[in-house]
Amino acid sequence: SAVISQKPSRDICQRGTSLTIQCQVDSQVTMMFWYRQQPGQSLTLIATANQGSEATYESGFVIDKFPISRPNLTFSTLTVSNMSPEDSSIYLCSVAQLAGGYEQYFGPGTRLTVT
Amino acid sequence: LAKTTQPISMDSYEGQEVNITCSHNNIATNDYITWYQQFPSQGPRFIIQGYKTKVTNEVASLFIPADRKSSTLSLPRVSLSDTAVYYCLVGDRMDSSYKLIFGSGTRLLVRP
Chain A
6 SAVISQKPSR DICQRGTSLT IQCQVDSQVT MMFWYRQQPG QSLTLIATAN
56 QGSEATYESG FVIDKFPISR PNLTFSTLTV SNMSPEDSSI YLCSVAQLAG
106 GYEQYFGPGT RLTVT
Chain B
258 LAKTTQPISM DSYEGQEVNI TCSHNNIATN DYITWYQQFP SQGPRFIIQG
308 YKTKVTNEVA SLFIPADRKS STLSLPRVSL SDTAVYYCLV GDRMDSSYKL
358 IFGSGTRLLV RP
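Chains as they are written, first to last, in the working numbering: chain A, 6 to 120; chain B, 258 to 369.
Hints in this document: simulated from the structure, not taken from any laboratory.
Any given hint might turn out to be false.
Some but not every residue of chain A turned toward chain B, in silico, with C-beta under 8 Å [stated by the list, open to error]:
#, residue
1, Leu50
2, Thr53
3, Gly114
Ranges of calculated distance between the beta carbons of each label pair, as one might list FRET restraints [what the hints assert, rightly or not]:
#, chain 1, residue 1, chain 2, residue 2, range
4, B, Gly272, A, Gln46, 47 to 57 Å
5, A, Leu103, B, Arg368, 31 to 41 Å
6, B, Gln273, A, Gln27, 41 to 51 Å
Note that beta-carbon positions come from the ideal geometry of N, C-alpha and C, so glycine has one too.
Build out the structure end to end from the sequences listed, making use of the hints.
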């Protein structure tokens with residue numbers, strides 16, 4: 006199984022600023038995803054960031070607000086731009102590996118608070 | 258888009274077997290069924306995955322009937338540490354691109 010780390014683990018930011026979250030995987034993976042989870046809620050998929058192609062955003066999420074980079078098979082970043090208190094959430098990086106069906110593994114998350 | 262429906266919450270006691278059922282009426286032919294466990298302040302953790310019939314690992318069993326429109330996660334003899342949210346997911350293969358869409362999950366509370 007893939008081991009995923011995220012930086013920072015948490016941050017408190019002021020509205021109007023931007024934060025870049027890093028995701029590092031211990032093995033090469035093609036399929037990577039970014040999710041958001043608000044307190045007490047389920048996970049919401051923000052975008053799919055497969056290496057070699059542009060990120061694909063889900064309905065309600067746009068590139069200008071959540072730009073994603075995927076420079077290689079072990080690393081990705083998600084930027085939360087022009088933050089507002091509504092962006093306060095946990096952001097999770099995830100990768101999928103094929104093993105029969107796809108098995109998906111998640112990072113520990115980045116807890117973001119916007120004041 | 259294959260969606261899942263599962264109970265919002267369940268209560269159990271230590272030592273009991275817990276069965277959580279999930280319905281996925283629109284599952285596609287190539288989709289697998291996967292269950293995840295999530296503790297507070299942690300990312301979801303893969304528990305088990307199956308395509309049809311029964312799958313068992315060291316943690317749980319997964320029962321899938323022939324029509325694959327539902328599945329049941331079985332946790333044998335739960336302990337307090339099994340208190341968590343359990344998500345049933347079906348792989349979404351729209352546009353030949355895999356992704357997982359999470360439903361609301363089932364909050365399992367194990368009591369002493």
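Hints, one by one, checked against the model:
no. : hint                            : in the structure
1   : Leu50                           : 6 Å, holds
2   : Thr53                           : 6 Å, holds
3   : Gly114                          : 5 Å, holds
4   : B:Gly272 / A:Gln46: 47 to 57 Å  : 31 Å, violated
5   : A:Leu103 / B:Arg368: 31 to 41 Å : 39 Å, holds
6   : B:Gln273 / A:Gln27: 41 to 51 Å  : 42 Å, holds
Going down the numbered hints, you'll see the structure goes against just number 4.
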